[in-house]
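Let the sequences and hints guide you as you build the complete structure.
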Amino acid sequence: MMGIYCMKVEVIFQPEGKHARVKPCCSILEAAKLVGADLLSICGGLGECGKCRVIVEKGRENAGSITEMEKVHLSPTELSMGYRLACCTSVKGNLVVRVPEESRTSRQRLQVEGIEIPVKLEPLVQKYFVQLPMSTLQDSRSDVDRLLDELYAQHGLENLKVSYNLLQRLPCILRDSEWKVTVTVWRSNEIIGMESGDTTDRTFGYAVDIGTTKLAGYLIDLSTGRVMAAGSLMNPQIHYGEDVMTRITYAMRGHKEQKELQQVVIAGINQILVNLCERTGVNSEEVYEMTAVGNTAMHHLFLNLCPKPLGLSPYTPVVRSGVNVKAESIRVNIKPDGNVHTLPVVAGFVGADNVALILATEIYRRKELCMALDIGTNSEIVLGNKNEILVCSCASGPAFEGAHIRYGMRAGTGAIEKVILDTGTLEVKYWTIDNAKPCGICGSAIVCILAEMLKAGIIDVKGTMNKNLDSPRLHTGEDGLEFVLASREETSNGGEITVTQKDIREIQLAKAAIHAGAMILMRKKGVLERDIDMFFIAGAFGSYIDAESARTIGMYPEVPLEKVKVVGNAAATGARMALVSKMAREKAEEISNKVKHIELAAEPDFQAEFINSQFIPYADLARYPETSELLRNLGKYPKKPIPIFPYGRSNK
Amino acid sequence: MSALIKTIREALLTFEPDKLFELTEKSLKKGCSPQEFVDAMTVVLREIGDKFEKGELFLPHLVVAGEAAKKAISVYLEPLLKKARTERKAIGRVVIGTVAGDIHEIGKNIVSSMLYTAGFDVIDLGKDVPVEEFIKAVKEYNPDIVGMSALLSTTLPMQEDIIKALKKNNLRDKVRVMVGGAPVTAEWAEKIGADGYAEDAVEAVKIAKKLIGDKNR
Numbered sequence: 001m002m003g004i005y006c007m008k009v010e011v012i013f014q015p016e017g018k019h020a021r022v023k024p025c026c027s028i029l030e031a032a033k034l035v036g037a038d039l040l041s042i043c044g045g046l047g048e049c050g051k052c053r054v055i056v057e058k059g060r061e062n063a064g065s066i067t068e069m070e071k072v073h074l075s076p077t078e079l080s081m082g083y084r085l086a087c088c089t090s091v092k093g094n095l096v097v098r099v100p101e102e103s104r105t106s107r108q109r110l111q112v113e114g115i116e117i118p119v120k121l122e123p124l125v126q127k128y129f130v131q132l133p134m135s136t137l138q139d140s141r142s143d144v145d146r147l148l149d150e151l152y153a154q155h156g157l158e159n160l161k162v163s164y165n166l167l168q169r170l171p172c173i174l175r176d177s178e179w180k181v182t183v184t185v186w187r188s189n190e191i192i193g194m195e196s197g198d199t200t201d202r203t204f205g206y207a208v209d210i211g212t213t214k215l216a217g218y219l220i221d222l223s224t225g226r227v228m229a230a231g232s233l234m235n236p237q238i239h240y241g242e243d244v245m246t247r248i249t250y251a252m253r254g255h256k257e258q259k260e261l262q263q264v265v266i267a268g269i270n271q272i273l274v275n276l277c278e279r280t281g282v283n284s285e286e287v288y289e290m291t292a293v294g295n296t297a298m299h300h301l302f303l304n305l306c307p308k309p310l311g312l313s314p315y316t317p318v319v320r321s322g323v324n325v326k327a328e329s330i331r332v333n334i335k336p337d338g339n340v341h342t343l344p345v346v347a348g349f350v351g352a353d354n355v356a357l358i359l360a361t362e363i364y365r366r367k368e369l370c371m372a373l374d375i376g377t378n379s380e381i382v383l384g385n386k387n388e389i390l391v392c393s394c395a396s397g398p399a400f401e402g403a404h405i406r407y408g409m410r411a412g413t414g415a416i417e418k419v420i421l422d423t424g425t426l427e428v429k430y431w432t433i434d435n436a437k438p439c440g441i442c443g444s445a446i447v448c449i450l451a452e453m454l455k456a457g458i459i460d461v462k463g464t465m466n467k468n469l470d471s472p473r474l475h476t477g478e479d480g481l482e483f484v485l486a487s488r489e490e491t492s493n494g495g496e497i498t499v500t501q502k503d504i505r506e507i508q509l510a511k512a513a514i515h516a517g518a519m520i521l522m523r524k525k526g527v528l529e530r531d532i533d534m535f536f537i538a539g540a541f542g543s544y545i546d547a548e549s550a551r552t553i554g555m556y557p558e559v560p561l562e563k564v565k566v567v568g569n570a571a572a573t574g575a576r577m578a579l580v581s582k583m584a585r586e587k588a589e590e591i592s593n594k595v596k597h598i599e600l601a602a603e604p605d606f607q608a609e610f611i612n613s614q615f616i617p618y619a620d621l622a623r624y625p626e627t628s629e630l631l632r633n634l635g636k637y638p639k640k641p642i643p644i645f646p647y648g649r650s651n652k
Numbered sequence: 001m002s003a004l005i006k007t008i009r010e011a012l013l014t015f016e017p018d019k020l021f022e023l024t025e026k027s028l029k030k031g032c033s034p035q036e037f038v039d040a041m042t043v044v045l046r047e048i049g050d051k052f053e054k055g056e057l058f059l060p061h062l063v064v065a066g067e068a069a070k071k072a073i074s075v076y077l078e079p080l081l082k083k084a085r086t087e088r089k090a091i092g093r094v095v096i097g098t099v100a101g102d103i104h105e106i107g108k109n110i111v112s113s114m115l116y117t118a119g120f121d122v123i124d125l126g127k128d129v130p131v132e133e134f135i136k137a138v139k140e141y142n143p144d145i146v147g148m149s150a151l152l153s154t155t156l157p158m159q160e161d162i163i164k165a166l167k168k169n170n171l172r173d174k175v176r177v178m179v180g181g182a183p184v185t186a187e188w189a190e191k192i193g194a195d196g197y198a199e200d201a202v203e204a205v206k207i208a209k210k211l212i213g214d215k216n217r
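Residue numbers (our numbering), protein chains in the order written: chain W, 1 to 652; chain P, 1 to 217.
Simulated from the structure, these hints should not be mistaken for laboratory data.
Honestly, I wouldn't trust all of these hints.
In silico BS3-like pairs for lysine-lysine, Cα to Cα no more than 30 Å straight-line [to be verified]:
hint, chain 1, residue 1, chain 2, residue 2
1, W, K502, W, K71
2, P, K51, P, K6
3, P, K6, W, K636
4, W, K636, P, K51
5, W, K429, W, K565
6, P, K82, P, K70
7, W, K462, P, K71
8, P, K206, W, K502
9, P, K210, W, K502
10, P, K6, W, K640
11, W, K462, P, K206
12, W, K71, P, K191
13, W, K639, P, K26
14, P, K6, W, K467
15, P, K191, W, K23
16, P, K191, W, K256
17, P, K19, W, K636
18, W, K640, P, K26
19, P, K19, W, K640
20, P, K6, W, K462
21, W, K502, P, K51
22, P, K54, W, K639
23, W, K71, P, K54
24, P, K54, W, K467
25, W, K467, P, K19
26, W, K367, W, K594
27, P, K54, W, K429
28, P, K54, W, K636
29, W, K502, P, K6
30, P, K191, W, K92
Derived, one-sided and incomplete: chain P residues facing chain W with beta-carbon distance under 8 Å [unchecked claim]:
hint, residue
31, G101
32, I103
33, L152
34, T155
So the derived list for chain P, only partly shown, Cβ under 8 Å to chain W, looks like this [stated by the list, open to error]:
hint, residue
35, E16
36, V63
37, D128
For every residue, glycine included, the Cβ atom is placed at its ideal position computed from N, Cα and C.
Take a look at the structure:
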């Protein structure tokens with residue numbers, strides 16, 4: 001009798017050359033996920049974002065028929081050229097699929113550097129070398145007693161436990177090393193490792209920032225506190241959805257799905273470590289501790305904690321304090337008995353990354369009034385100093401990552417990253433990443449563009465494009481008015497790159513959320529922008545935006561530019577500080593306890609602030625004197641006063 | 001009428017709600033009937049809605065216009081219409097709220113205002129509204145339409161729960177269900193058996209009117 005089995009077909013992904021063997025009727029996106037092929041998916045495969053564009057180069061007849069959704073996102077020309085949406089296309093037979101640049105997540109600019117804060121070096125991991133007397137008939141102490149006695153005699157250590165893993169290997173190591181060993185002790189309390197000879201100068205640790213979009217890992221020499229190597233990777237959870245809520249929704253389906261999300265992010269964390277170890281000649285068994293930061297959802301998914309309460313009001317985390325878990329139980333590939341420490345979180349949407357940022361910028365101990373803005377997939381704002389710290393989370397949305405923008409893309413090769421407009425001729429000068437031919441606009445550029453358009457009078461303070469402007473760069477498209485940045489001849493794919501009226505509205509909505517958050521915190525603290533002494537812009541994205549353009553469009557209050565400090569990945573700096581310093585870890589715990597979380601959605605003034613912040617830079621121009629002056633000089637200051645939506649109104 | 005429309009348009013688009021109230025008083029004094037004024041305002045609001053969808057106008061325009069119109073109707077015009085016994089006959093009645101677990105309501109509030117100014121009787125249950133409260137409100141107010149807003153993909157399932165609860169209570173056939181909110185899509189609306197879905201407040205009003213039209217047939 002013939003067995004019935006399913007014929008598998010092959011999908012080859014170029015240019016990576018990855019081969020996926022799949023059952024027919026799975027989608028191209030699923031095949032990509034299976035082999036880890038580099039392919040963007042912002043909506044998690046629902047056919048909504050239109051960003052998983054691929055070109056079917058061979059085997060078009062083996063691809064499922066074109067769906068209605070694809071007709072929305074792909075033009076007839078593109079469809080005839082073989083363009084498809086990977087999530088909508090089912091695989092019926094062998095295919096060769098090319099992933100075009102704009103659909104790739106790799107070659108993104110990944111921010112890894114950050115500020116370095118000098119901190120007292122006292123890691124929780126310490127190594128001690130001991131030479132033990134051999135066991136004899138007269139001295140027949142057990143191996144462990146012998147060891148502990150010597151550790152006390154030579155180093156004054158007491159009350160040490162020996163891990164079970166080590167117990168099983170201990171006798172061999174002692175005898176192979178002729179009783180000369182180095183023990184690794186964690187928290188002066190537990191022996192987690194033993195090595196032959198004197199290896200006291202080889203103590204390493206691993207600090208990780210688990211970003212929603214990007215993972216950043218740092219291999220640290222714990223004897224010096226120095227970063228030996230750093231690396232990054234797109235968070236593999238991206239295949240399950242671009243944003244936190246989509247991933248939480250997936251995890252809520254069940255234990256299996258929740259575990260899946262944990263496994264893929266840990267796989268990414270381990271992958272970075274392998275790379276860092278290779279580059280530095282460090283063995284993963286020499287990495288004795290790991291610290292991790294991330295927003296609360298990332299934190300929960302990493303620890304396999306149920307994220308469901310995070311998705312529903314009142315958005316409470318399972319645990320707030322720092323958590324310690326053995327590496328082997330969470331399958332992180334540092335020393336199996338090594339500790340993995342997650343920094344404490346603050347609230348459902350303000351996570352360990354925020355605590356780490358406060359640690360790194362030292363806002364918690366400064367007397368100056370500080371504000372910090374962490375712009376990312378979610379944006380957090382911090383306001384305060386050693387007396388009091390307020391934090392809030394803003395739903396700015398993915399517009400700054402390029403989503404919902406007609407020609408938006410992630411920061412990668414060919415993305416326009418900076419633009420200057422001549423205010424007279426409206427001529428455009430742009431710069432692209434890697435100086436490649438432009439194929440889209442990235443988040444940092446959009447901020448720049450909006451500021452330039454305001455200064456050039458292409459948009460007014462309401463963000464409305466001026467249809468009476470006489471310029472060959474201005475015309476009407478399907479999304480309304482648009483301004484051409486790059487013509488067909490200039491771009492890499494032969495299409496125009498424009499900024500549309502709808503794009504501008506998207507950015508207004510995004511930046512208004514952040515600005516409103518900042519204003520609410522300032523109101524609550526009873527301060528104005530002139531009271532702010534230090535202003536930090538953090539987050540991977542934050543390092544690439546032009547602080548001045550961002551201020552001009554009203555992304556943050558008009559703080560003097562000389563007080564603005566771009567601090568890169570401050571969350572990662574905080575993770576490193578907690579790795580090398582016991583005190584930093586204690587401070588982190590204090591910070592998370594002390595910080596006051598403000599839930600913006602529950603603030604009665606939020607709606608009014610959100611409305612007023614839609615204006616570019618802000619409805620109340622008196623709060624933007626420098627920008628107002630600039631606009632006046634350019635003849636672009638609004639002729640009629642802008643009405644300010646009143647505060648303190650309830651909606652009933 | 002067209003002159004009136006012109007002045008109302010100016011008042012609303014220049015963010016001067018007080019101008020609208022002055023205008024209301026002046027027109028009424030001059031002999032304009034409350035109904036005429038409401039009709040003129042409706043024309044302008046529809047225009048504003050269309051321009052908002054195109055991106056020519058933005059959120060503040062919509063919100064300010066909606067709130068001003070709402071106030072003009074509830075404070076000035078409705079009392080007069082009541083007195084003259086030519087009360088604004090509501091096009092229909094809507095019960096609307098943001099689902100349980102969700103505290104976002106700016107979008108829902110804009111929809112509420114716009115439905116009201118478009119001639120609907122609106123009962124706004126607020127935010128974080130449990131399923132039972134939706135059911136209770138349907139029993140109490142007998143609406144034509146139930147509108148549910150969810151801003152997070154994690155609270156989206158509540159929309160399905162409410163529809164199931166309506167069925168369980170034998171109320172599903174008595175109302176038309178509309179859903180909205182950032183993560184809501186036409187596919188989701190179809191999947192859960194909603195009658196209508198709108199991407200923004202302007203579309204919401206159009207869909208609501210259509211549902212009433214269908215219901216009355």
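The hints, checked one at a time:
{"no.": "1", "hint": "W/K502 with W/K71", "in the structure": "20 Å, holds"}
{"no.": "2", "hint": "P/K51 with P/K6", "in the structure": "16 Å, holds"}
{"no.": "3", "hint": "P/K6 with W/K636", "in the structure": "27 Å, holds"}
{"no.": "4", "hint": "W/K636 with P/K51", "in the structure": "24 Å, holds"}
{"no.": "5", "hint": "W/K429 with W/K565", "in the structure": "26 Å, holds"}
{"no.": "6", "hint": "P/K82 with P/K70", "in the structure": "16 Å, holds"}
{"no.": "7", "hint": "W/K462 with P/K71", "in the structure": "24 Å, holds"}
{"no.": "8", "hint": "P/K206 with W/K502", "in the structure": "21 Å, holds"}
{"no.": "9", "hint": "P/K210 with W/K502", "in the structure": "27 Å, holds"}
{"no.": "10", "hint": "P/K6 with W/K640", "in the structure": "19 Å, holds"}
{"no.": "11", "hint": "W/K462 with P/K206", "in the structure": "26 Å, holds"}
{"no.": "12", "hint": "W/K71 with P/K191", "in the structure": "21 Å, holds"}
{"no.": "13", "hint": "W/K639 with P/K26", "in the structure": "28 Å, holds"}
{"no.": "14", "hint": "P/K6 with W/K467", "in the structure": "21 Å, holds"}
{"no.": "15", "hint": "P/K191 with W/K23", "in the structure": "27 Å, holds"}
{"no.": "16", "hint": "P/K191 with W/K256", "in the structure": "24 Å, holds"}
{"no.": "17", "hint": "P/K19 with W/K636", "in the structure": "26 Å, holds"}
{"no.": "18", "hint": "W/K640 with P/K26", "in the structure": "24 Å, holds"}
{"no.": "19", "hint": "P/K19 with W/K640", "in the structure": "15 Å, holds"}
{"no.": "20", "hint": "P/K6 with W/K462", "in the structure": "21 Å, holds"}
{"no.": "21", "hint": "W/K502 with P/K51", "in the structure": "12 Å, holds"}
{"no.": "22", "hint": "P/K54 with W/K639", "in the structure": "24 Å, holds"}
{"no.": "23", "hint": "W/K71 with P/K54", "in the structure": "21 Å, holds"}
{"no.": "24", "hint": "P/K54 with W/K467", "in the structure": "13 Å, holds"}
{"no.": "25", "hint": "W/K467 with P/K19", "in the structure": "27 Å, holds"}
{"no.": "26", "hint": "W/K367 with W/K594", "in the structure": "16 Å, holds"}
{"no.": "27", "hint": "P/K54 with W/K429", "in the structure": "28 Å, holds"}
{"no.": "28", "hint": "P/K54 with W/K636", "in the structure": "24 Å, holds"}
{"no.": "29", "hint": "W/K502 with P/K6", "in the structure": "26 Å, holds"}
{"no.": "30", "hint": "P/K191 with W/K92", "in the structure": "26 Å, holds"}
{"no.": "31", "hint": "G101", "in the structure": "3 Å, holds"}
{"no.": "32", "hint": "I103", "in the structure": "5 Å, holds"}
{"no.": "33", "hint": "L152", "in the structure": "5 Å, holds"}
{"no.": "34", "hint": "T155", "in the structure": "6 Å, holds"}
{"no.": "35", "hint": "E16", "in the structure": "7 Å, holds"}
{"no.": "36", "hint": "V63", "in the structure": "6 Å, holds"}
{"no.": "37", "hint": "D128", "in the structure": "5 Å, holds"}
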